[in-house]
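> The lines below spell out each chain.
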Amino acid sequence: FSQLQHNNYVSCCRICVITLAEAHPLLQNGKTITSINYQISANCSRLQNKVSGKSKRGAQFLTELAPLCRISSSDGEEYTIYSCIRGRLIEVNENILSNPVLLQEKPSTEGYIAVVLPKFEESKSVTQGLLTQEEYEEVLSKR
Amino acid sequence: MSSLTEKDSPVVQLLMNTGTCPRCILRFCCVGSQVIYRRPYKDLMKDLKEFLKNNEEKEVTICFDEVDPPCKRIRLEHTEEGRDDLNHNGALQQIPSANDDDTAMKNSIVKICNVCLGILQEFCEADFVKKVCQKVKSADYQFTSFVFSVSLPPQLSVRERAAWLLVKQEMGKLGLSLAKDDIVQLKEAYKWIIHPQFLFEVSVVFAHPETEEECRFLATACPDCFKPAKNKQSVFTRMAVIKALEKIKEEDFLKHFPCPPSSPKNLCVALEIQCNNGAIFVAGRYNKYSRNLPQTPWIIDGERKLESSVEELISEHLMAAFKADSFNFSSSGREDVDVRTLGNGRPFAIELVNPRRIHFTAEEMKGLQQTINNSSDKIQVRDLQLVTREAIGRMKEGEEEKTKTYSALVWTDEAIQKEDIAFLDDIKELKLDQKTPLRVLHRRPLAVRCRIIHTMKCEYIDEHHFRLHLKTQAGTY
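Line by line, the protein sequences give chains A and B. Heads up: the first sequence begins at 1 in the UniProt record's numbering, then just goes up one per residue. Heads up: the second sequence begins at 1 in the UniProt record's numbering, then just goes up one per residue.
Since the hints were made in silico from the structure, they are not lab data. All values derive from a computational prediction rather than experimental measurement. Some clues are possibly wrong.
Example chain B residues on the side facing chain A (calculated, C-beta under 10 Å, incomplete) [unchecked claim]:
| hint | residue |
| --- | --- |
| 1 | L438 |
| 2 | R439 |
| 3 | V440 |
| 4 | L441 |
| 5 | H442 |
| 6 | R443 |
| 7 | P445 |
| 8 | L446 |
Every residue gets a Cβ at the ideal spot worked out from N, C-alpha and C, and that includes glycine.
Full structure from sequences and hints, please.
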């Protein structure tokens, strides 16, 4: 179920951008975001991610179930956004901290959540694990 | 000093006795006249023997004339040589076969020199030189000047040192000194002899497997001179051996290495005879008219994603004309696959590695340019010319320092009027903080780069289109 909440855009050069999927509750009418928190545990904040060099050394390594952030809405719900893919965290979108509406208005562009770079060896398997737009819509229609 | 005098006699005798060839003997006597070394081996041998004989009988100064004096042909007498086969450390010497007594020059077996291992003997002979020349001719090069480079096995430095110590000792007995720098270097003498017979760059690599182990003792004596070998096969490189020889004390050297050096059984082997021409640089400007052409070949996982490339379209014809081994393409900046290059064109340069042909007239270059331009409508080339290596540096400077001009067709969602975009013309020196674009993020560091857009000019087309001309700092994404 968590796979369907996120969207992965993979460019031909392996870079992945994590965004909210169309059907995500936060993108449905009536939801107001009250806070976005990149501090996922006592020791780990996605905001402290620092990468250097071409090979992005120092990046936090993400597995499929690694949380990226937690988003709270005005109706008391809290949603955790997971990475869904393995790879190095390049950056999280700090703009949505100051402007949460961006996440809802432009979820696939300026309102992205994170940029992740899978390992070179794993990039093919990562891409294969994703759903195409059609496959996604099919899954939705079956719900 | 270009002549031997009587005081050289003991040294000449000593070196001859211990198995050193005539040319090496001349080197250790500091004979600096190149012509003498070029004289035939047998003549030199004969003259040295005569010199020794004369000095035994009376005190006479023998001069070696530049012109060959008429000489009596004397056969190398084996019995005489046999008597001279004194060896100070009991190692085996090569004894010439007694059967050859009757035949003349052609069959006389020459003892291989214990210092040069045959390099100033066999490898100066016309036969070897012919072999090298043949190699050069068959490689079919065109050239004007040349470099002759010789690579000698490192143990020669060790043997040279041993011989020097021996000579120094002998001269010391006469109250004379001999500085290492006064001795004629082996490589130099070799080049004196070979040079006049050559044209162009020829490199010859010699090896002597029989004596390869001779350097070992240096490793224990001077361990810090020898670093563990990574890719190289031998730790005993020429440089390391020379360094160690400079460090080692005379007494230590004499403890470990026979002085005089032993006579080898075998000649050196000429491992490699290589021909190489210096790289040639061709520069010009290119225009790209295709929106489907990468600058360099686009290959992922061995699969070519797009046909051809700017680099290949240009270099294909240059490689054929110059007959080079390979090329290196560089340009002042790049453009994307789907971007055209208009105007005067982007400066580029191609380094052609090891070209066989190097002389091209301006006419021929024009012809080459035409050939390239006729072969493709995707690119066009202009100002094609031969340049120096420095020119590449100047062109690369452009990448950082020059400005770039772009033209972009812009579509707007909202309807616009001329006045709406007029403000763009007034913006000067606009500062941008650019994060690395996603499309290159996998191969560039994530960073923020400050770039400036110097000027902009817009051209209104219609309610949803206008053309924007920009002049930006180099390196702007």
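> Any hints this thing doesn't respect? Which numbers, in order?
none
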